[in-house]
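Start from the sequences, fold in the hints, and give me the full structure.
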Amino acid sequence: MIVAEQKPLEDIIRMIVPYERVLILGCGTCMTVCDAGGEREVSFLHNALQLAQARSGEGAHTFSEHTVKRQCDPEFLEALGEKTADVDVILSLGCGIGVQAIAEYLPDMPVLPGVNTSFMGMTKESGVWDERCAACGECRLEDTGGICPITRCTKGILNGPCAGVKNGKCEANKDMDCAWILIYQRLERLQQLDKMRRYYPPRNFRAIPRPRRIMSKAETVTGESNG
Amino acid sequence: MANSLFEEKLSSNDFIITTEIGPPKSVDVSEVVHHIKLLKDKVDAINITDHQSSVMRFPSIGGCLLVRELGGEPILQMTCRDRNRLALQSELLLAYSRDIKNVLSLTGDSIDVGDHKDAKPVFDLDSVQLLKMIRTLESGIDMGGNELGAAPKFCIGTSVHPEADFIEPQLIKFDKKVAAGAQFFQTQGIFDLASFRRFMQYASQFDVKILAGIIVLSSAGMARYMNNNVPGIIVAQSLIDELAAVEKGKGLQKGIEIAARFIKTIREEKLCHGVHIMAVGNENIVPDILEAAELVSSSR
Numbered sequence: 001m002i003v004a005e006q007k008p009l010e011d012i013i014r015m016i017v018p019y020e021r022v023l024i025l026g027c028g029t030c031m032t033v034c035d036a037g038g039e040r041e042v043s044f045l046h047n048a049l050q051l052a053q054a055r056s057g058e059g060a061h062t063f064s065e066h067t068v069k070r071q072c073d074p075e076f077l078e079a080l081g082e083k084t085a086d087v088d089v090i091l092s093l094g095c096g097i098g099v100q101a102i103a104e105y106l107p108d109m110p111v112l113p114g115v116n117t118s119f120m121g122m123t124k125e126s127g128v129w130d131e132r133c134a135a136c137g138e139c140r141l142e143d144t145g146g147i148c149p150i151t152r153c154t155k156g157i158l159n160g161p162c163a164g165v166k167n168g169k170c171e172a173n174k175d176m177d178c179a180w181i182l183i184y185q186r187l188e189r190l191q192q193l194d195k196m197r198r199y200y201p202p203r204n205f206r207a208i209p210r211p212r213r214i215m216s217k218a219e220t221v222t223g224e225s226n227g
Numbered sequence: 001m002a003n004s005l006f007e008e009k010l011s012s013n014d015f016i017i018t019t020e021i022g023p024p025k026s027v028d029v030s031e032v033v034h035h036i037k038l039l040k041d042k043v044d045a046i047n048i049t050d051h052q053s054s055v056m057r058f059p060s061i062g063g064c065l066l067v068r069e070l071g072g073e074p075i076l077q078m079t080c081r082d083r084n085r086l087a088l089q090s091e092l093l094l095a096y097s098r099d100i101k102n103v104l105s106l107t108g109d110s111i112d113v114g115d116h117k118d119a120k121p122v123f124d125l126d127s128v129q130l131l132k133m134i135r136t137l138e139s140g141i142d143m144g145g146n147e148l149g150a151a152p153k154f155c156i157g158t159s160v161h162p163e164a165d166f167i168e169p170q171l172i173k174f175d176k177k178v179a180a181g182a183q184f185f186q187t188q189g190i191f192d193l194a195s196f197r198r199f200m201q202y203a204s205q206f207d208v209k210i211l212a213g214i215i216v217l218s219s220a221g222m223a224r225y226m227n228n229n230v231p232g233i234i235v236a237q238s239l240i241d242e243l244a245a246v247e248k249g250k251g252l253q254k255g256i257e258i259a260a261r262f263i264k265t266i267r268e269e270k271l272c273h274g275v276h277i278m279a280v281g282n283e284n285i286v287p288d289i290l291e292a293a294e295l296v297s298s299s300r
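Protein chains in written order, with the working numbering: chain A, 1 to 227; chain B, 1 to 300.
Take these hints with a grain of salt, some might be off.
To be verified - In silico DSS-like cross-links for lysine-lysine, where the CA-CA straight-line distance does not exceed 25 angstroms: (1) B:K120 to A:K169; (2) B:K117 to A:K169; (3) A:K166 to B:K120; (4) A:K124 to A:K83; (5) A:K7 to B:K42; (6) B:K117 to A:K7.
Don't read these hints as lab results, they were simulated from the structure.
Here it is, written out as C-alpha cells:
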C-alpha cells in the first residue's frame, strides 16, 4: 500500500489561508490503513483546525468533512456529488495520486495536499510502516531472495554489499539493516547463493519513463496523451 | 606493453607503495602541490580521493592533473555516487587524453555521511559495473553501444574489505570485481593481520595484486571516532589501547610506529604485493612512515 504522513498542522493552516469554506476529504483505502487520512484522521484534523482557529482568533474558515472509498479512482469521486457545491477548496488527505485525481476530476476546484506521500510499504507492527517497493518497473526479487536492493539498500546497488556495512547495519543509518547482508542470508538459507554470484548489469532507467502508463485494455484508451 | 608506469610496476615483483592525497575544499591547491612534490618520488603512485566521506572538495581529476604536471604517477579515484554513466565515461575520456591511465573504481560513501546530505545520490552504476564499463570503453564502444573515435586503455583497480565483520558477501563481491577486470585492489584499512592473512589465503588464488590499506591513526580518540563514523573502518581494540597508553601529544608518533610495524610485517612475510598508505589529512608524515618501515631505498 501507499504510506503517507499528515503534514504538520501549521503547514495546513498556512495553506488554507486564502480559502473560506474548506472540505477536508479523506480516503478510505491506503490512507486509512496507514493512519494518515482516513475517516478518523479527517475528524481529528477537523477538530484541530477548528480549535486552532478559535484559539488564534484569526481566520473565518468553515469546515466540512467527508471520506470517499478511494480518491484515486474517478468512479468513487462521482460519489462526492453535492459535497463540493458550497466549498472553496478541498483539503485532500489522500496520497499524491488522490490529490491529482481530484484536480483532474474537478478542474475549477483548488485542491491542497494534507499529507506527504512517503512510500510504498507494509505494516511492520501496529503504527510502524516500512518501505518495501520503489516501483522500479523491473522487478528483480527473484534474484535477491525476495528482498529489494533498490528499495532497501541506500545506494540501490546490484552486485553485493558496499564496504560500509558494519554489524550488519548500513553506513547511512546504523539502525537500518544492510539489504545485501539480508539478501545473502536469505539466499544462503534457500541454497541459492549462485544468484548472488551472478553479475547484474546496470539498471535500465528507460523502464521508468515518467510518467508511466499501463494499459490492460488497449481499446479503452484512444489517442489520449499520457498524463 | 604496460599502459602506465604503475601498471609496469604492478607486473614487477617489487613491493608496491601507493598513498593518497585528499584535495581541499578550496581553489587554493598549494598544499596539495606541496604534498605531491613531497611524495611523488617516494611512492609508486598517488591516489587523489573523490569527495571522500561524501564531502564536497576539489575533484580527483583536478588533483590527478596536478600529479601529472608535477611528474608523479596519478591514480584517479572514481566513485559512482555523484555522476551518471555519461559523466563517468566522459571523465574517463578526459583522464586518458591527459595521460591519467590508472583508475580506482569505487561505489562511493553514502551521501548521508557527508556535508551535502540533501543532494541526490546517483549510483547509476555500482563499482562492479563501473569496472565492466571501463573495459567496454577500451573495446572501443561506449555504454550506449556507440563507437568511440579512439579508445582508451587503463590500468584499473578497486577496493576490497578484508576485515569486514561478515566476510562472505564481501568475498562474493571481490570475485565479481576480479571477473569484471580489476587488476589491483587497495584494501580498506588493515588493523588485524590475522584476518588479513585469512583473506590473502583466499585472494592469492587470483591473478590480481593486493595492496594492503594502511590507515595512520593519530590518537585513540581518532580511532574510536573512525570506528563510529567512518564507513567500513574497524580498528582493533588492541591498537586503540596501544594509542591510549602513550602520553599526550605523542599519538601521531605512535600511529606512525604502528603503521610502519604493519608495513614491515606485511613485507617481510610477503603477505601481499604492497601497501596503500592513507594518512587521512597527515600526508606530511608519509615519508616518516616509509623511513620507519625501512622502505626508503636509494632507488626511490
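Status of the hints after comparison with the structure:
Straight-line distance between C-alpha atoms of K120 of chain B and K169 of chain A comes to about 22 angstroms, which keeps the hinted pair within the 25 angstroms bound. For the proposed pair K117 of chain B and K169 of chain A, the alpha carbon gap of about 19 angstroms is at most 25 angstroms, so the pair holds. Among the hinted pairs, K166 of chain A with K120 of chain B is consistent with the structure: their alpha-carbon atoms are about 24 angstroms apart, no more than 25 angstroms. For the suggested pair K124 of chain A and K83 of chain A, the alpha carbons sit about 36 angstroms apart, so the restraint of at most 25 angstroms is broken.
Distance hint between K7 of chain A and K42 of chain B is unfulfilled; the C-alpha atoms sit about 59 angstroms from each other, more than 25 angstroms. Using a Cα cut-off of 25 angstroms, the hinted pair K117 of chain B and K7 of chain A holds, with the two alpha carbons roughly 22 angstroms apart.
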